[in-house]
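Protein chains: 2
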Amino acid sequence: MELGTHPTFRDSADGTVLTSARAGDPIDRATDAARRVVDALLRTDRTNANLERVTEELDGIAEHLEEHAPAVAERLIDMWSGEGVTRHDPVTGPENAIAPPLVLEGRGDGTVCGTVTLTMAYQGPPGHVHGGVSALLLDHVLGVANAWYGRSGMTAQLSTRYHRPTPLFEPLTISGRVASVDGRKIHAEGDIRTADGQVCVSVEGLFIDKTVPRPR
Amino acid sequence: MELGTHPTFRDSADGTVLTSARAGDPIDRATDAARRVVDALLRTDRTNANLERVTEELDGIAEHLEEHAPAVAERLIDMWSGEGVTRHDPVTGPENAIAPPLVLEGRGDGTVCGTVTLTMAYQGPPGHVHGGVSALLLDHVLGVANAWYGRSGMTAQLSTRYHRPTPLFEPLTISGRVASVDGRKIHAEGDIRTADGQVCVSVEGLFIDKTVPRPR
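Here the protein sequences come in this chain order: A and B.
Going by full-length UniProt numbering, the first sequence opens with residue 1, and the numbers climb by one from there.
Going by full-length UniProt numbering, the second sequence opens with residue 1, and the numbers climb by one from there.
Computed far set for chain B versus chain A, every beta-carbon distance over 12 Å: (1) Gly-15; (2) Arg-107; (3) Thr-173; (4) Gly-197.
Covered stretches of chain A, going by a simulated chain B footprint (3 or more residues, C-beta under 8 Å): (5) 44–53; (6) 67–81; (7) 95–101; (8) 118–132; (9) 155–163.
Facing chain B, according to a computed beta carbon distance under 10 Å, are these residues of chain A, among others: (10) Asp-32; (11) Glu-63; (12) Phe-169.
Read the hints as simulated data drawn from the structure, not as lab findings.
Since the model is a prediction, treat every value here as computed from it, not as a measurement.
Note that CB positions come from ideal geometry on N, CA and C, so glycine has one too.
The shape of chain A in the complex, shown without the other chains:
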């Protein structure tokens, strides 16, 4: 993310949405529909759904989309141009069907947070969120918290603690904040809680202020 153009808690209102809104654009609606297919494939009956026909139809759609896809190198340039917030990341990206997607708001106290209900595709232990998915979400939230604080860094170290199993199918609150800054080292922390405030997973992250250049 480019500094200077990105909102921070010092210059922006409490409640500023820091992730790309699902805009109702055709690509966002198509991605929502793809998310629905991913979930339904995990839930559907293995013998009574016509999976041969589904395969054919999905392959047909993919072929159509691929026919209209530019070369990957060209697409990479395009997807990193424009707005400071990405639309394609695997946590908050409205254009990425892997993303739940998580919507994050910045708070006046420097915290960022969002609420998300995770479903079948994110399952680890029976009925619960995969521990690695919790780490994925928290890493991303800490990155957004850095930007809201006015810094930007690459993850150097991420320490995740699991306090209790994190439930699927229930609203979870995910939050993060910068705890301290020491030169180029940014220390951030965050957690995932159930609706009644129980901490399921907590995280501490060390980020180094070092930007990976955008493709061009």
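Using the hints provided, position chain B relative to the given structure of chain A.
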């Protein structure tokens, strides 16, 4: 995973595949096609690809699959019955379009490893793997390494270190092993390397031998 039924490095051959093979079943083929759609949606041209029609078709497929889906509670019982290795997790599950999917083999020395090439959907920094995705993959690999060692535990703590950006579109080798066991505490470690052996991400995990009951 149920102990006793799961292969370990003491009783099974070097090279034993520890993840569910893509069986060519209709559900696996349909999920492969869904993966292709997820990727193509990220790559396709935003203006020329007739995304309205794509949305309609994807929604139609989802509707068909949902019509044949049992209640979630019932499906949860079903998906956890049978074989000891899950087919639906977000890292190795052939039935989960979010999973790359990673295929893991057990080695005679107790290590588990696999090779995977990650694409657009797993992007964090431009052209590189999202740090949280690396944590997700490594958490899962350590879980499989525990089972190959003959133990099974819930993640208690996961410490991930990022040594250099992890490239997309290149084969990555992911491996894990149990480092030591102290009563119910299982210490495991692993890493992600490029084809020429450079370590991009390393991980240490503490797992506690505590099984979450399967739904029934």
